[in-house]
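Engineer: Single-letter residue listing:
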Amino acid sequence: MTITLTIDGQEITAEQGKTLLDVARENGKDVPTICFHEATTANGLCRMCVVEVEGMRVLQPACIVEAANNMKVQTRSEKVIRARKTILEMLASTMDLSEAAEVQTMMSEYGVDINRFPDAERREVQVKDDNPMYVRDYSKCLLCWRCVQVCADDAQYTYAINFEGRGYETQIGTFFDKAIPETTCVLCGQCVGVCPTGALKPKREFLLEQGMSPQEISVLNTGRKRRRDR
Amino acid sequence: MSDIDLAPLIPAISSYIPMGRSGLLPALHAAQKIYGWISEPVAAQISRSLNVPLADVHGVIEFYSLFYNEPIGKKVIRVCTDQACALKGADGLLRHICGHYDIQTGQTTRDGAVTVEASPCLGLCELAPAALVDADAETNISSDFHHYDLGRPKSIVGGSIRLLTASCGNGTTSLGQYGKYPALARALGKKPEEIVNEIKASGLVGRGGAAFPTGIKWEGAAKAPGTEKYVICNADESEPGTFKDRILLLDDPHRTLEGMAIAAYAIGASQGYLYIRGEYPYILPVLETALNEAREANMLGENILGSGFSFDIELRVGAGAYICGEETALFESIEGKRGFPRVKPPFPTTHGLFGKPTVINNVETLGNVPLIIAQGSVEYRKIGTEKSPGAKLFCVSGDVSKPGLYEVPFGVTLRELLAMAGGVAREKKLESVLFGGAAGAFATPDQLDVKMTFEDLRAAGLPLGSGVVMVFDETRDMRDVLKRLGHFFAHESCGKCYPCQMGTQRQMEILDRISQGKVITGDLIRLQDVGWTMTDASLCGLGQTAASAVLSAIKLWPGMFNA
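Quick note, the sequences are listed as chains G and V, same order. Letter by letter, the first sequence follows residues 1 to 230 in the working numbering. Letter by letter, the second sequence follows residues 1001 to 1563 in the working numbering.
For the record, the hints were derived by calculation from the structure and aren't laboratory data. For every residue, glycine included, the Cβ atom is placed at its ideal position computed from N, Cα and C. It cannot be assumed that every hint is accurate.
The list that follows gives simulated cross-link-like pairs (lysine to any residue, SDA-like), each with its CA atoms no further than 20 Å apart [claimed, not checked]:
| id | chain 1 | residue 1 | chain 2 | residue 2 |
| --- | --- | --- | --- | --- |
| 1 | G | Lys-18 | G | Glu-38 |
| 2 | V | Lys-1518 | G | Glu-54 |
| 3 | V | Lys-1344 | G | Gln-104 |
| 4 | V | Lys-1337 | V | Lys-1075 |
| 5 | G | Lys-79 | V | Lys-1075 |
| 6 | V | Lys-1344 | G | Ala-68 |
| 7 | G | Lys-178 | V | Ala-1044 |
| 8 | V | Lys-1451 | V | Pro-1409 |
| 9 | G | Lys-85 | V | Ile-1525 |
| 10 | G | Lys-85 | G | Asn-70 |
| 11 | G | Lys-201 | G | Gln-104 |
| 12 | V | Lys-1387 | V | Lys-1337 |
| 13 | V | Lys-1337 | G | Gly-167 |
| 14 | V | Lys-1344 | G | Phe-176 |
| 15 | V | Lys-1337 | G | Lys-203 |
| 16 | V | Lys-1075 | V | Ala-1044 |
| 17 | G | Lys-203 | G | Leu-220 |
| 18 | G | Lys-79 | V | Lys-1555 |
| 19 | G | Lys-85 | V | His-1096 |
| 20 | V | Lys-1344 | G | Gln-60 |
| 21 | V | Lys-1344 | G | Glu-54 |
| 22 | G | Lys-85 | V | Gln-1544 |
| 23 | V | Lys-1518 | G | Pro-118 |
Facing chain G, a subset of chain V residues (Cβ under 10 Å, in silico) [claimed, not checked]:
| id | residue |
| --- | --- |
| 24 | Pro-1053 |
| 25 | Asp-1056 |
| 26 | Ala-1374 |
| 27 | His-1491 |
| 28 | Glu-1492 |
| 29 | Cys-1497 |
| 30 | Leu-1524 |
| 31 | Arg-1526 |
| 32 | Met-1534 |
| 33 | Thr-1535 |
Just chain G, with the same shape it has in the complex:
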């Protein structure tokens, strides 16, 4: 069944059951997302994809809300722009976004002032380098939850990681902060694959960035099978 709705004044016909994000993107409308990923359950938590839907009291997350017949949607209203811009400015004052290329693009598009909150307390954490497969730098983590999701019911059913703290102090963590080899982690690497900011990074890439040569890394035997000398 098809439905008809209006997005930014343009009448659009779509298949029923699709989200506003799908419909908008299929019709060439740019709706930014941070936490959304095709492989994980949409949680609608970054709120970057919020749009204004006529008749709704608050902005709606496009990644979750289904497109409905006769819906009137604005993807770039004043309220929407203010919310997106402020979220980006708060992100910039919270964490290290140096490797979050997509977020950086959004920041330039929305004219973000990265020093909007000059005396903000930033989330700064020591890099956790405790296993041969990947390093965790939670100063770069923007809490999109994807790693926790793929570690759990969205992919691997390993449940090695969850959350520590609450609110602004939330951080991804293991059982009593144990090193990765002491957890249920099977080093599948799916969390690294879905991380959008470089907070989770393959060990080899990390070492290369530290200035080590491939030769030196290979001597470390990182992530390689041990073979008895013949």
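Chain G is fixed; fit chain V onto it per the hints.
Structural biologist: Same frame as chain G, now just chain V:
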């Protein structure tokens, strides 16, 4: 670690094992009762017993303020430092107690005897300043802090009408005094849909803050497909300035239980949960006694009063998380998870607890139900106004002569209510009233004649919220009030959605600075952008109202925010 003996843990949590993950919070409470805190081997054993992943158990302990994963004192003193207590010298009380034990806030004495913490609102606002000492409320504290009452807090109840509070103010009302659930007996003689229709006709709306029509909620759950349905009483009262549920449950527990049983009959539920905040430990024995009385008299249990209808209620205790008053976060908490609010829709009436149709109502809302069913909606509507029928409870605290719980018909003015509470204390002039709660708005002296009904308050831009009326006199520094609001929301944000997770932090930082007189250029706009972003774009009601009072203060006193 090795000196922790797991032997007492197994029998203590055995009854929660069949619940699986839903037994996690009760099991953690039970473990903490034995050991004082939850160590790694204890958490690991609970993980094995309930079959919950280790990291998830840890995540839950980390979420709730009242669970500890490091040792704390044998005695824990929690001093409320929120607005109502602050007006009555909470900071001095905290300093005095810390000084007495020679420790800083948040620390434990070297001998491990005492931990002192600053706490969010403890729901003892009319008895401020106040603290919680293990399971006892510390109230009626003398100005030199040497004399105080310890135990069950007393109830100060007043007002122009006594319907919901008819049995409040004189200790706990037993089942014998309350009567054998006459409204439930009456309801059982009718069809469930007749009960739903009666509640709809009464015009009752939720008293927890969202003001949703109760009958519509019940109808939704009653009509939802499925045979497994739930009724939940939301007693996670944590809105700063709110203490009505505390008094209703301590003094008249059967009214709430009867309301739940009627709701269950109306929607076809056989299982109920009463979720009470962890900061009300002294209410638990009262509720356990009331539940047992009701079961013995067959007001709860199998085949109630021979009607064929069966229903029972399980008591659930929160663990220090304001967000769990949000209905979907409360479901998550009962399910043994971190209290993250869910995306709505789907709504609880079709997808609630364990994904099943659920009615969740506030204590005061449920208290109205026996009244409506006993006398009929026509009689019920004779109190209050056409659009706001019934009586309303107001939690009056701060600078008034007689703080307390006041019951009045809808339509009374704020001026009349304040007069009942003896007016502004010490003959000072009124500066403002924090109306509706921390998630409310400030009212000014020129709004005293607004009639307190949903419709009049909406027109005046004042949210009724949870019925908070916190009074500030002319000598008060409103910047300090705002600073504490900022700290409250930053402490209580769950951290799920970005606007609230970061917005409550940025809001707190700016309000902290302003309270120290360090306003910088652009602070007003900065606060507005953060505030409106939270209001418009947050995932749940906490974030959507975390800036409500601040935005109202900006409107009233813009000078405070300009450099």
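Engineer: Would you mind marking each hint as holding or not holding in the structure?
Structural biologist: Structure-based check of each hint:
Taken as a hint, the G/Lys-18 and G/Glu-38 pair is honoured in the structure, with Cα atoms around 13 Å apart against an allowance of 20 Å. At roughly 41 Å between alpha-carbon atoms, V/Lys-1518 and G/Glu-54 are farther apart than 20 Å, so this suggested pair is violated. As the CA atoms of V/Lys-1344 and G/Gln-104 are separated by approximately 30 Å, the hinted pair breaks the 20 Å bound. Taking the CA atoms of V/Lys-1337 and V/Lys-1075, the gap is about 27 Å. The hint is violated against a cut of 20 Å.
With a CA separation close to 49 Å, the supplied pair G/Lys-79 and V/Lys-1075 exceeds the 20 Å bound. Among the hinted pairs, V/Lys-1344 with G/Ala-68 is consistent with the structure: their alpha-carbon atoms are about 16 Å apart, no more than 20 Å. A distance of roughly 13 Å separates the Cα atoms of G/Lys-178 and V/Ala-1044; the hinted pair therefore holds under the 20 Å criterion. A hinted pair counts as satisfied when its Cα atoms are at most 20 Å apart, and V/Lys-1451 with V/Pro-1409 qualifies at roughly 11 Å.
The suggested pairing of G/Lys-85 with V/Ile-1525 holds, with an alpha-carbon distance near 13 Å, which does not exceed 20 Å. Straight-line distance between C-alpha atoms of G/Lys-85 and G/Asn-70 comes to about 28 Å, which puts the hinted pair past the 20 Å bound. For the given pair, G/Lys-201 sits about 19 Å from G/Gln-104 by alpha-carbon distance, which is consistent with the 20 Å threshold. For the proposed pair V/Lys-1387 and V/Lys-1337, the alpha carbon gap of about 39 Å is over 20 Å, so the pair is violated.
Taken as a hint, the V/Lys-1337 and G/Gly-167 pair is honoured in the structure, with Cα atoms around 15 Å apart against an allowance of 20 Å. A hinted pair counts as satisfied when its Cα atoms are at most 20 Å apart, and V/Lys-1344 with G/Phe-176 does not qualify at roughly 32 Å. Restraint check: the Cα-Cα separation between V/Lys-1337 and G/Lys-203 comes to about 32 Å, which exceeds 20 Å; the hinted pair is violated. Using a Cα cut-off of 20 Å, the hinted pair V/Lys-1075 and V/Ala-1044 is violated, with the two alpha carbons roughly 25 Å apart.
This hinted pair checks out: G/Lys-203 and G/Leu-220 have alpha carbons roughly 11 Å apart, not beyond 20 Å. For the hint linking G/Lys-79 to V/Lys-1555, the alpha-carbon distance of about 19 Å falls within 20 Å, and the restraint holds. For the suggested pair G/Lys-85 and V/His-1096, the alpha carbons sit about 45 Å apart, so the restraint of at most 20 Å is broken. A threshold of 20 Å between alpha carbons decides the hint, and for V/Lys-1344 with G/Gln-60 the separation of about 10 Å falls inside it, so the pair holds.
Restraint check for V/Lys-1344 and G/Glu-54: the C-alpha separation of about 17 Å stays at or below 20 Å, so the hint holds. Between G/Lys-85 and V/Gln-1544, the direct Cα distance comes to roughly 17 Å. Compliance with the 20 Å bound is thereby established for this hinted pair. Between V/Lys-1518 and G/Pro-118 the alpha-carbon distance is near 13 Å, which keeps this suggested pair within the 20 Å criterion. Here the hint on V/Pro-1053 is kept, as its CB sits about 3 Å from the closest CB of chain G, short of 10 Å.
Among the interface hints, the one on V/Asp-1056 holds; its C-beta lies about 5 Å from the nearest C-beta in chain G, closer than the 10 Å criterion. Of the supplied interface hints, the one on V/Ala-1374 is violated, with its beta-carbon coming no nearer than about 35 Å to a beta-carbon of chain G, more than 10 Å. A least Cβ separation of about 7 Å between V/His-1491 and chain G falls short of the 10 Å threshold, and the interface hint therefore holds. A distance limit of 10 Å between C-beta atoms decides the matter here; for V/Glu-1492 the minimum to chain G is near 7 Å, and the interface restraint holds.
Look at V/Cys-1497: its Cβ gets to within about 5 Å of chain G, closer than 10 Å, so that hint holds up. Taking 10 Å as the C-beta cut-off, the interface hint given for V/Leu-1524 is violated, the closest approach to chain G being about 14 Å. Nearest Cβ of chain G to the Cβ of V/Arg-1526: about 7 Å, under the 10 Å cut. The hint holds. About 9 Å separates the beta-carbon of V/Met-1534 from the nearest beta-carbon of chain G, less than 10 Å, and the hint is met.
Look at V/Thr-1535: its Cβ gets to within about 8 Å of chain G, closer than 10 Å, so that hint holds up.
Hint compliance for this structure: hints 2, 3, 4, 5, 10, 12, 14, 15, 16, 19, 26 and 30 are not met, and every other hint is.
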